[in-house]
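Q: Kindly generate the complete structure, drawing on both the sequences and the hints.
Respectively, the protein sequence lines represent chains A and B.
Under my numbering, the first residue of the first sequence is numbered 412, with each subsequent residue one higher.
Under my numbering, the first residue of the second sequence is numbered 78, with each subsequent residue one higher.
I should point out that these hints are in silico values taken from the structure, not numbers from a laboratory.
Built from N, CA and C at the ideal position, the CB exists for glycine as well.
Beta-carbon label-pair distances, calculated as ranges: (1) A:Q460 to B:A251: 21 to 27 Å; (2) A:P444 to B:D216: 57 to 63 Å; (3) A:Q470 to B:G509: 38 to 44 Å; (4) A:N474 to B:D216: 48 to 54 Å.
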Amino acid sequence: MHDNSLFVVGTISASALGDTIAKEAQNQWHSDPHNLDGLKAGLNSAVQQLPSTLSGTVQQFVNDFDSNYAALLNQRIVIGQILEKKVAPDAQELDLQIKDSFDSFQ
Amino acid sequence: MTSFLDVIRPLTDQLKSMSDLARQAAQTYTTGTTKFRNHTNDVGNLSSPIVFLGKGANAFVDAVNRNADLSTKAVTRLSDFQAACDDAKKTMEDMSGPYDNESRYLNNVYQVGDFSNADRYNTYEFQYFLDAQGYTTSDTSDPRTTVVRRIREDTLPGLSFQLDSLLNTSNGQALLESNIDSAVSYIQSDFQRYQAKRHEFLDGALRSKEISKDEHHYYSALVDSTYEMAMGVVNAIAKNMKTGYDSWDQEFVAAANNFLAKVGDIDTGKLTQLQLYNTIDSRFHDPRTQALLYAMLASPYSAKVVQYLLNVANCSKMSPCGDALIVWQDGMPPNTGAFNNGTVTTLNTQDFNEAYDPNNPSSLATLAGYLAHESVETYYSRAYGIPADTVPMDYLADYVHQIVSNQMNGQPVGNFPNYQNWVNAPQNPPDGSDSGYDYVHNFHESDNPGGDLGEHLSSGWWSLWNNSNPNFAGNPMGLSPSLLQNNSTLPGWDITKCWNPDTNSFHPPTPQPTPVPEPVPQPVPQPEPKLTPTPNPTPNPQPTP
Chain A
412 MHDNSLFVVG TISASALGDT IAKEAQNQWH SDPHNLDGLK AGLNSAVQQL
462 PSTLSGTVQQ FVNDFDSNYA ALLNQRIVIG QILEKKVAPD AQELDLQIKD
512 SFDSFQ
Chain B
78 MTSFLDVIRP LTDQLKSMSD LARQAAQTYT TGTTKFRNHT NDVGNLSSPI
128 VFLGKGANAF VDAVNRNADL STKAVTRLSD FQAACDDAKK TMEDMSGPYD
178 NESRYLNNVY QVGDFSNADR YNTYEFQYFL DAQGYTTSDT SDPRTTVVRR
228 IREDTLPGLS FQLDSLLNTS NGQALLESNI DSAVSYIQSD FQRYQAKRHE
278 FLDGALRSKE ISKDEHHYYS ALVDSTYEMA MGVVNAIAKN MKTGYDSWDQ
328 EFVAAANNFL AKVGDIDTGK LTQLQLYNTI DSRFHDPRTQ ALLYAMLASP
378 YSAKVVQYLL NVANCSKMSP CGDALIVWQD GMPPNTGAFN NGTVTTLNTQ
428 DFNEAYDPNN PSSLATLAGY LAHESVETYY SRAYGIPADT VPMDYLADYV
478 HQIVSNQMNG QPVGNFPNYQ NWVNAPQNPP DGSDSGYDYV HNFHESDNPG
528 GDLGEHLSSG WWSLWNNSNP NFAGNPMGLS PSLLQNNSTL PGWDITKCWN
578 PDTNSFHPPT PQPTPVPEPV PQPVPQPEPK LTPTPNPTPN PQPTP
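A: Next up, the structure:
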């Protein structure tokens with residue numbers, strides 16, 4: 412028995428929804444990694460000009476934030492890619508894809 | 078006039094730059110995360126929905142929300158960083174302003190009078206502060222401020238290039254006091270030149286008989302006494318400025334340390350750990366197992382063991398999986414270790430109940446060592462079919478136990494006996510080191526890494542068995558059969574030589590030349606359940622020579 416409380420069975424084709432999601436993914440999900448690169452570059456530039464007394468700790472923060480958020484963004488891209496296929500996978504396939512996407516960066 | 082704000086501007090500029098970047102990024106990521114969560118979760122509410130059903134739909138929504146939750150935490154930490162930058166900048170600016178106030182350096186310094194009469198042979202104290210340094214009464218109404226300004230201009234401009242020294246309390250004070258001493262010496266030189274100039278003037282007046290010898294003596298003494306008085310004022314001001322500069326530096330160091338503490342406390346590295354917590358919770362549901370694995374995440378090699386257990390517990394890829402892999406047995410005597418059947422590890426409930434302190438992660442260090450020991454064995458069993466009940470296997474697994482327990486206790490990994498000494502050691506070695514006595518004498522385990530079935534095999538014996546899969550469960554513990562093989566091929570084998578403390582990982586030993594193995598039947602050995610004797614839990618690390 413399926414739980415369809417969140418995704419309603421309807422009449423529209425999967426590709427129409429895929430278009431909407433894909434557009435969103437291109438506009439936002441795919442731009443965030445570039446934003447992150449810009450943030451890291453800007454912070455790294457500032458760190459280089461800090462007294463060395465402070466730079467190590469700040470650099471550690473920058474690196475930690477970058478790696479963590481990059482992992483989260485990569486995860487979103489995986490989720491976006493599932494939607495961008497414009498074909499709704501069956502339940503089991505989607506379940507595995509999602510789980511694999513989480514396993515991939517642990 | 079150079080200010081203390083100018084000194085720290087290279088730092089405050091960067092703090093502002095980092096704050097601006099973090100603020101802008103936090104806004105962008107907050108918007109992005111909200112869109113991501115709302116848009117994807119609203120998919121089901123669109124007027125044109127999609128066939129996304131059952132388990133897959135739930136997994137999708139769970140994944141989106143989990144990602145958004147973690148993203149929100151990450152963005153919060155970015156905002157915390159921005160706040161730390163803002164706070165440090167404001168603190169440093171606020172603390173610096175008062176030190177630019179010249180009057181604070183004149184406390185308890187007596188006034189310098191500006192009275193003078195028409196006697197041009199007289200020398201007045203104020204002349205040292207004005208004439209000697211090129212100032213006039215239009216520059217300042219208080220001659221003493223000329224000294225403050227001279228010292229400031231001779232010290233502050235160069236300090237902005239020496240922030241690292243200033244951020245070290247003792248170095249900073251030494252630097253500041255040295256700079257002030259130098260500035261005073263320049264002023265003293267000017268005063269001495271003026272003093273000499275006045276003496277020359279009086280000498281000329283005497284020679285031209287403008288003044289008498291007695292008058293010359295009087296006026297000359299006045300030149301020297303006013304010089305001494307002026308230098309007394311300079312030294313008093315310099316003392317005040319040293320005190321003030323030192324105080325400013327202490328506040329500067331405190332502000333920087335406060336900033337470092339705040340940034341350090343942000344601790345973004347825990348995000349990955351949070352995801353691991355989530356995965357632990359989703360794959361193991363026994364609170365004892367969860368507590369044990371949480372505690373193991375905190376140390377380098379035990380975290381690799383946890384990763385192995387999470388990978389092997391992934392029910393979408395492995396069977397058996399999840400809770401079936403780690404079970405707890407009641408009724409066992411305490412400190413009887415743990416055992417496995419090649420796949421499932423059984424831990425002692427009594428050990429957990431006696432050791433567990435929720436406020437002390439290292440309380441489970443010994444139990445974690447047992448679990449690590451069994452994890453090594455189940456890896457070899459499932460990756461290669463190598464039996465667990467061999468002396469070489471327990472030699473390696475006991476060393477892993479020691480690595481895990483000692484690291485969780487915040488101790489060095491420590492020494493470990495070589496294979497020969499370990500096998501021949503008494504049951505409880507006096508030096509507290511680990512011993513293979515029980516494995517040899519009580520369990521009568523094979524000294525061949527392949528077990529009794531593998532006694533006729535040499536190098537490559539593991540690869541002859543079925544289902545050889547070196548990358549089983551991703552092999553995060555970094556194990557290889559060569560770590561076992563050398564136990565038998567080299568009686569004096571020292572497992573610690575394969576341990577890299579810098580990377581907290583094993584590296585394979587140098588291969589030994591071995592004969593080509595003869596073909597043999599390939600029965601898949603069925604590992605027998607075996608009990609792991611209690612190793613000495615935390616052998617005292619011996620000092621590294």
